[in-house]
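Number of protein chains: 2
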Amino acid sequence: MRIAIDAMGGDNAPEAIISGTLESIELLGEDDELILVGPREVIEPQLPSLRSREGTISVFDAPEVIGMDEPPIESLRRKVKSSIAIIAKLAKLGRVDAVISAGNTGACVAAFQIRMRNLPRVNRPGIAVVFPTFEGPVTICDVGANIACKPINLYQYGVMASIYSKHLLGIENPRVGLMSIGQEDAKGNEIVKKTRGFMKSDPNMNFVGNIEGRDIFKGVCDVAICDGFVGNVILKLTEGVVAGLFKAIKHELLAEKLRLAMKFKPVMARIYKKYDYNEYGGALMLGVNGTALICHGSSHSRTIKNAILASKKYYTERINDKIAEYLSSTSVRENNEQGS
Amino acid sequence: MRIAIDAMGGDNAPEAIISGTLESIELLGEDDELILVGPREVIEPQLPSLRSREGTISVFDAPEVIGMDEPPIESLRRKVKSSIAIIAKLAKLGRVDAVISAGNTGACVAAFQIRMRNLPRVNRPGIAVVFPTFEGPVTICDVGANIACKPINLYQYGVMASIYSKHLLGIENPRVGLMSIGQEDAKGNEIVKKTRGFMKSDPNMNFVGNIEGRDIFKGVCDVAICDGFVGNVILKLTEGVVAGLFKAIKHELLAEKLRLAMKFKPVMARIYKKYDYNEYGGALMLGVNGTALICHGSSHSRTIKNAILASKKYYTERINDKIAEYLSSTSVRENNEQGS
Numbered sequence: 347m348r349i350a351i352d353a354m355g356g357d358n359a360p361e362a363i364i365s366g367t368l369e370s371i372e373l374l375g376e377d378d379e380l381i382l383v384g385p386r387e388v389i390e391p392q393l394p395s396l397r398s399r400e401g402t403i404s405v406f407d408a409p410e411v412i413g414m415d416e417p418p419i420e421s422l423r424r425k426v427k428s429s430i431a432i433i434a435k436l437a438k439l440g441r442v443d444a445v446i447s448a449g450n451t452g453a454c455v456a457a458f459q460i461r462m463r464n465l466p467r468v469n470r471p472g473i474a475v476v477f478p479t480f481e482g483p484v485t486i487c488d489v490g491a492n493i494a495c496k497p498i499n500l501y502q503y504g505v506m507a508s509i510y511s512k513h514l515l516g517i518e519n520p521r522v523g524l525m526s527i528g529q530e531d532a533k534g535n536e537i538v539k540k541t542r543g544f545m546k547s548d549p550n551m552n553f554v555g556n557i558e559g560r561d562i563f564k565g566v567c568d569v570a571i572c573d574g575f576v577g578n579v580i581l582k583l584t585e586g587v588v589a590g591l592f593k594a595i596k597h598e599l600l601a602e603k604l605r606l607a608m609k610f611k612p613v614m615a616r617i618y619k620k621y622d623y624n625e626y627g628g629a630l631m632l633g634v635n636g637t638a639l640i641c642h643g644s645s646h647s648r649t650i651k652n653a654i655l656a657s658k659k660y661y662t663e664r665i666n667d668k669i670a671e672y673l674s675s676t677s678v679r680e681n682n683e684q685g686s
Numbered sequence: 347m348r349i350a351i352d353a354m355g356g357d358n359a360p361e362a363i364i365s366g367t368l369e370s371i372e373l374l375g376e377d378d379e380l381i382l383v384g385p386r387e388v389i390e391p392q393l394p395s396l397r398s399r400e401g402t403i404s405v406f407d408a409p410e411v412i413g414m415d416e417p418p419i420e421s422l423r424r425k426v427k428s429s430i431a432i433i434a435k436l437a438k439l440g441r442v443d444a445v446i447s448a449g450n451t452g453a454c455v456a457a458f459q460i461r462m463r464n465l466p467r468v469n470r471p472g473i474a475v476v477f478p479t480f481e482g483p484v485t486i487c488d489v490g491a492n493i494a495c496k497p498i499n500l501y502q503y504g505v506m507a508s509i510y511s512k513h514l515l516g517i518e519n520p521r522v523g524l525m526s527i528g529q530e531d532a533k534g535n536e537i538v539k540k541t542r543g544f545m546k547s548d549p550n551m552n553f554v555g556n557i558e559g560r561d562i563f564k565g566v567c568d569v570a571i572c573d574g575f576v577g578n579v580i581l582k583l584t585e586g587v588v589a590g591l592f593k594a595i596k597h598e599l600l601a602e603k604l605r606l607a608m609k610f611k612p613v614m615a616r617i618y619k620k621y622d623y624n625e626y627g628g629a630l631m632l633g634v635n636g637t638a639l640i641c642h643g644s645s646h647s648r649t650i651k652n653a654i655l656a657s658k659k660y661y662t663e664r665i666n667d668k669i670a671e672y673l674s675s676t677s678v679r680e681n682n683e684q685g686s
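Those protein sequences? They're chains A and B, same order as listed. Heads up, this note's numbering is the position in the first sequence plus 346, with the first residue counted as 1. Heads up, this note's numbering is the position in the second sequence plus 346, with the first residue counted as 1.
Just so you know, not all the hints are guaranteed correct.
Since the list can't tell identical chains apart, any single copy or any two copies may satisfy a pair.
[Said to hold, decoys possible] The calculated lysine to aspartate or glutamate pairs, modelled on DMTMM-like cross-linking and capped at a C-alpha distance of 25 Å, are:
1) LYS438 / GLU416
2) LYS564 / ASP415
3) LYS596 / GLU585
4) LYS658 / ASP378
5) LYS540 / ASP415
6) LYS564 / ASP357
7) LYS512 / ASP667
8) LYS496 / GLU671
9) LYS533 / GLU416
10) LYS546 / ASP415
Don't read these hints as lab results, they were simulated from the structure.
Just chain A, with the same shape it has in the complex (with noise of 0.2 Å):
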C-alpha cells in the first residue's frame, strides 16, 4: 500500500510528521511505501537514514506550503505546487492509495473532495471523527465538510460511519443516533425530521431515534450524526470543556495543596491518554473515491503514525466497497425526499 503524507500539515510540522512517519515504519509490512510530501530540501535533511529505508520511505518534492490560516479555495488555486494540492493530485492519478494531512482542513476538504471525488452513489463526504468516551468510543460525522447538510446526506452519513464504526472500532451493529433539540419525534428542524424518516425507513441501520448533545457521553449511541456546521461545534466545544475543566481542577488543588496537585498529575495523564483522540490518528473524510485522512493541527508525531496505521487498516478493510455496496442496495434516495 502506498501512503502520501503531507510533511507540512499543521503547527508542528515537518518535525513531529517526519518522526510519526518514521515511527510507523516498524508497524507496516514490506510491501508499504510511505512518501512524504513537502519542499524536498526541508525534508531530506530529516531523514538521516534514509537510504537505508529505501523503497519503504521517499520524499516527492512539493515546493509550496498553505499556511493554516489561509483562505482553503483561493490558497489551493493560487498554490498548484502545495504539498495539499499534489498529495490530493497523487491519490487521483492513482500513484497513492491513501492521503494523511494535519493542514488546513479547509484546503484538505476542497482538495481531497475536487481531486478523488465521491464514491458511486455518494452524493457529500462528510468527515467522521472518534469520540473516546467512557462508555466506549463514539463516532461523529460530519464534523466540517457539510454546513448545509440536505437529508439523504445526513442517511449516508449515518451509512457510513457505522460502517466505519462496524469495520475499524470493532462495534457490531452500531447504534446510530442524530442529533437534535429533544428525544421526541416532533423535536428538531426540518432536516432532522425528514433524515429521521430515512433512517427509521432503513431496515438494516440501528437507528435508535434522536439524541440530544449530552446522550454523546452517556453511552446510547455508537455513532452520531449531525450536520457540519453542529459537528464542528461538538469538536471544538468538548475540547474547550476538557481543557477549562482541567484548568479549574488543577487551580483548585494548587490552592488545596501542592502535594495533592502533584498526586492528581499521573491520574490526569492517565485520563489524558484514555479518552485521547490522538489515539484514532485523525478524522476519516468518508465517501470520497479513496483513503483520506485529515489530522488535528496540533498532532503529535504518535497522531501521524497512528493516522497511517488507520489509513492502511481502512484500505485493507476495504470499507470504501463495502459503503458503495451498501448504497446501491438500500431503497432511501435521494428522490424520494418528495414523497418522506
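With chain A fixed as given, assemble chain B onto it according to the hints.
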C-alpha cells in the same frame, strides 16, 4: 413586585419549588409577593406557616399539570388550567411582574411567547443561559427558543444578551462573539455571514467576530450568539462532557487508591459549586414583554431561590426598557437584510 412560580415544574416539584420559594422570602423586600401556582390541595399542606407569611406568599389554584415529556403545544391547548398556562396568563393580564418555571421547556417557551408577546421591535425571543467558566461568566443566546433563526434574530440576541450581561452580571461593555466554525470572515453559513454584517454595522455593539466552540471557555467573549439548535446542543453537550469527565476521574481515582479519591472529593465539590449553573437560577427568556425565567428540569430549591432573586434583579434593573430603547435607536433593521 409580584412573582408567579410554577409549583409543579421540574423533576423535584413540588417540594424543591416550594422550599426554594420559602427560602427566598427573607431576601426579598416587604412589597414583594410570591404566588405559587399549582393544585391548591397539593401546595397548601406543604406550607405550614402560610398564615404567618400572609401577604408575602399565596397560592393560585391550577389544577392541571403538564408533564416534562408531553408535547408542548398540544398539552397547552388541552390543559388550559395547567400551572404553565396559568402563570403565562397571569403575566399577560398584568397580575404578576415575573414568571418562573422549571417545567416542560417547550410548553414554557410557547406559553410565554403566545401570552406575553414580544417587546417592541423584537422579532423573536431567545433563551439566554449563563455558563460559569474559569475565565468568567459567558451568556449564550439562544439555547432553544428559535431553531430557525434569521440574521435579524441573531443580531437582536446579541443586543439583548449584551444588555443582560452588562446589567445583571456587571460586565462593562460585554464582548459579543458569533458562533461559527472558524474565525475568518469567510467561514460559516449564509446566516452567520449576514449576521456578521449586522453586528459589524452597529457601532454600539462590542463585536469580536466569529468564535469557535472552544472559545466559550477561553475568555475571548462575554456573550456567545447562536441559533437555538446549536445553542441547545452546546448546553446539553457541556453538561454531558462535564458529567462524563468527572465519572472518568472518579473511576481513575478509585483505581488508584481510595484515600486519594476521598481527598479529591472536596475539590470536586468546590468546582461543582463554583461552576454551577444553579447559581444563576435559570435561563432568561429575552425579548418577551415581561420577565420570564425557565429553570433546568432538575432544579433544586437553591435554583428556585436564585431564580426568584434573578427575576427581581431583571425587573428592578428595567432590562426590558433598556432593550426596547436600544432596539428603537439602532439602525439595524430586518429590511436591511436585502441590502446586506
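Against the structure, the hints:
With identical chains, the CA atoms of LYS438 and GLU416 are at most 25 Å apart within one copy only, with a shortest distance of 23 Å there and 53 Å across copies. Only between protomers do LYS564 and ASP415 lie at most 25 Å apart by alpha-carbon distance; the minimum there is 19 Å, versus 35 Å within a single protomer. For a Cα distance limit of 25 Å, the shortest separation of LYS596 from GLU585 qualifies both inside one copy, at 17 Å, and across copies, at 20 Å. Taking the closest pair of Cα atoms, LYS658 and ASP378 come within 25 Å of each other only inside a single copy of the chain (9 Å); across copies the shortest separation is 69 Å, beyond that limit.
In the homo-oligomer, the alpha carbons of LYS540 and ASP415 lie at most 25 Å apart only across protomers (22 Å), although the nearest pairing inside one protomer, at 36 Å, exceeds that limit. Only between protomers do LYS564 and ASP357 lie at most 25 Å apart by alpha-carbon distance; the minimum there is 19 Å, versus 33 Å within a single protomer. For a Cα distance limit of 25 Å, the shortest separation of LYS512 from ASP667 inside one copy, 14 Å, qualifies, whereas the shortest one across copies, 56 Å, does not. Taking the closest pair of Cα atoms, LYS496 and GLU671 come within 25 Å of each other only inside a single copy of the chain (22 Å); across copies the shortest separation is 40 Å, beyond that limit.
With identical chains, the CA atoms of LYS533 and GLU416 are at most 25 Å apart between copies only, with a shortest distance of 12 Å across copies and 38 Å within one. For a Cα distance limit of 25 Å, the shortest separation of LYS546 from ASP415 across copies, 22 Å, qualifies, whereas the shortest one inside one copy, 40 Å, does not.
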